[in-house]
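Protein chains: 2
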Amino acid sequence: MLAPVPDVQINEALRAVAARPRIDEVYFVACGGSYALMLPNQYVMDREAGDIAGFAINAAEFNRRAPKRLGPDSVVILCSHSGNTPETVEAAQFARSRGALTIALTHAPGSPLDEAADHTLVYSHAPLTMSAEHSAAILYRLTFGILASREGNKKASSLATALDALPRFVETAIAQSAGHIADFAEGHKREQVIYTMGSGPSYGVAYSYAICILQEMQWVHSAAIHAGEYFHGPFEITDFDVPFIVLIGLGETRSIDERALAFARKYSKRLTVLDARDLGLEKLPAEVREYLAPLAFSPLLRAYAEALADAKGHPLSVRRYMWRMDY
Amino acid sequence: MLAPVPDVQINEALRAVAARPRIDEVYFVACGGSYALMLPNQYVMDREAGDIAGFAINAAEFNRRAPKRLGPDSVVILCSHSGNTPETVEAAQFARSRGALTIALTHAPGSPLDEAADHTLVYSHAPLTMSAEHSAAILYRLTFGILASREGNKKASSLATALDALPRFVETAIAQSAGHIADFAEGHKREQVIYTMGSGPSYGVAYSYAICILQEMQWVHSAAIHAGEYFHGPFEITDFDVPFIVLIGLGETRSIDERALAFARKYSKRLTVLDARDLGLEKLPAEVREYLAPLAFSPLLRAYAEALADAKGHPLSVRRYMWRMDY
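Chains as they are written, first to last, in the numbering used here: chain A, 1 to 327; chain B, 1 to 327.
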């Protein structure tokens, strides 16, 4: 059997990582939903890397901030679904001009981002499912691959085991949540504001849901609240009629999520809680399972989004500005 | 004349920084409004530091994420106004247990954070003004002091010149904005949602205004939108009646702000724009002025907040949960 294309591409990129005399930092650079996918990778770097620094950053900010450290000892990982995002293409060009090793993820081979980067990994796109070939999974495989190559991190095989098991957990979770999803959609179809909340590796999913699903695709006001920031400002807007989608992860940051949830439960009657434990994710290999929660939340939340879109009569594909004009 | 207390304290902390055999990274750790003050310092580190990595992070997230790099080669800068924030006190204790050098900012000498940290800098608090003894200014003095000590960065004297000049710019800006401030307050007193937007060194002020002023002190729904993220989701909620407070900074990231503003102007009739150029900040020393914009925006925005609070009959001091119960 031939290896799937991403395996070949990942291995090729990792050979280039291994060939560099020195790697001091990894920049994870993208915009919007792709930027959100980068955030858990900075989390992994902070948790796992003894020497290499990890930074997730919006591509426009990266280009103008122009980190002084960026150079031949840097790896820059970029992602754009269309491969056309101008800021991300510029980031790849800028990073290469500084001598950094650039690795791009995209759904569009042959796109400007593919052309601009040293290496390209092409991912699968099917938002109601998860697999080892989805963008979020490929990013983790790359991050743990870099950690293995440069620092001898041993968790790549546990990650592979977990990614093999994950699709079935996601399928089961969506099937078993049918009732909750229908209630959410009907109960939230007239809401003007819906907050999301999460921490640790799941904060990125909360952020993505707020800006890409609620604001962009549903024209619902939203903000992603970091559960650790909740008590330092945002919790004052909690009230019986203020809706929150709360993500409860696994591992070290779970206690942050639980503390926020315990408070929100007292004062809001409009909570939608997704708990990684309820999805059975504690059965995944212990040393990586905290990282997998967002990869299950993401397709499950997409099912919530599709039902909400149906109930509102506002398809997720509708835009008023995006792709319809110059900006 | 005796030197002001912060100078003595900053110099003592910087002597401890200089005494470390090696410094690989600076963590900027706090919660809420104090965390927001840390964000421009990561920006400075990214722009100015050739070797040292900078990370701004919420204190609860820092404690649970427990960065593997954290150790004797790390400086951890913490801030809590009351000196009582449990997560931040825990962060100081945790960082010291790893051997890091801890430097705390607080308004409360003798507080638990003061006790927990190796060094403490006590700052002035007067939200309608700015000075070299305000928390945001002391943080910059510390950051540039570390850069001078470890990497020979030469901008500390330009920073001092700029901080000397800044109080008058702020005073003038608030006086000259009286009409705009009154119009904003009257025009927004019934708004349920007000967004803020910024990028680069000013993103932290946008964030702080969203979570501490609008959500916490005014119970108005809000989110800070990074101007570089605006076009990748959030801009779809723009409409004629959706209010935004837009911060236009100086320096490299100004073009990000201007692009977002140009779009928002077309589709919203409810923009409040604060432009660092209109405040005369281009007269500050060129090599540091981009960093100073948030230090002018912050007190000016406070004047907007006080007027809004008056118009709403909802004083900034009112809380329903904070300090009123256990959480």
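Don't take each hint at face value.
Unchecked claim - Pairwise CB distance ranges (calculated): (1) B:W323 <-> A:K312: 36 to 46 angstroms; (2) B:R168 <-> A:E186: 49 to 59 angstroms; (3) A:E287 <-> B:R96: 47 to 57 angstroms; (4) A:G152 <-> B:D164: 49 to 59 angstroms.
Please keep in mind that the hints were generated in silico from the structure rather than gathered at the bench. Predicted model only: the values in this text are computed from it and were never measured. The beta carbon of each residue, even a glycine, is placed where N, CA and C say it ideally should be.
Here is what the structure says about each hint:
Between W323 of chain B and K312 of chain A, the C-beta spacing of about 39 angstroms keeps the proposed range 36 to 46 angstroms intact. Remark: the range hint 49 to 59 angstroms for R168 of chain B to E186 of chain A is upheld by a beta-carbon distance near 58 angstroms. In this structure, E287 of chain A and R96 of chain B break the distance hint of 47 to 57 angstroms, their C-beta atoms being roughly 27 angstroms apart. Our hint of 49 to 59 angstroms for G152 of chain A and D164 of chain B holds, since their Cβ atoms are close to 51 angstroms apart.
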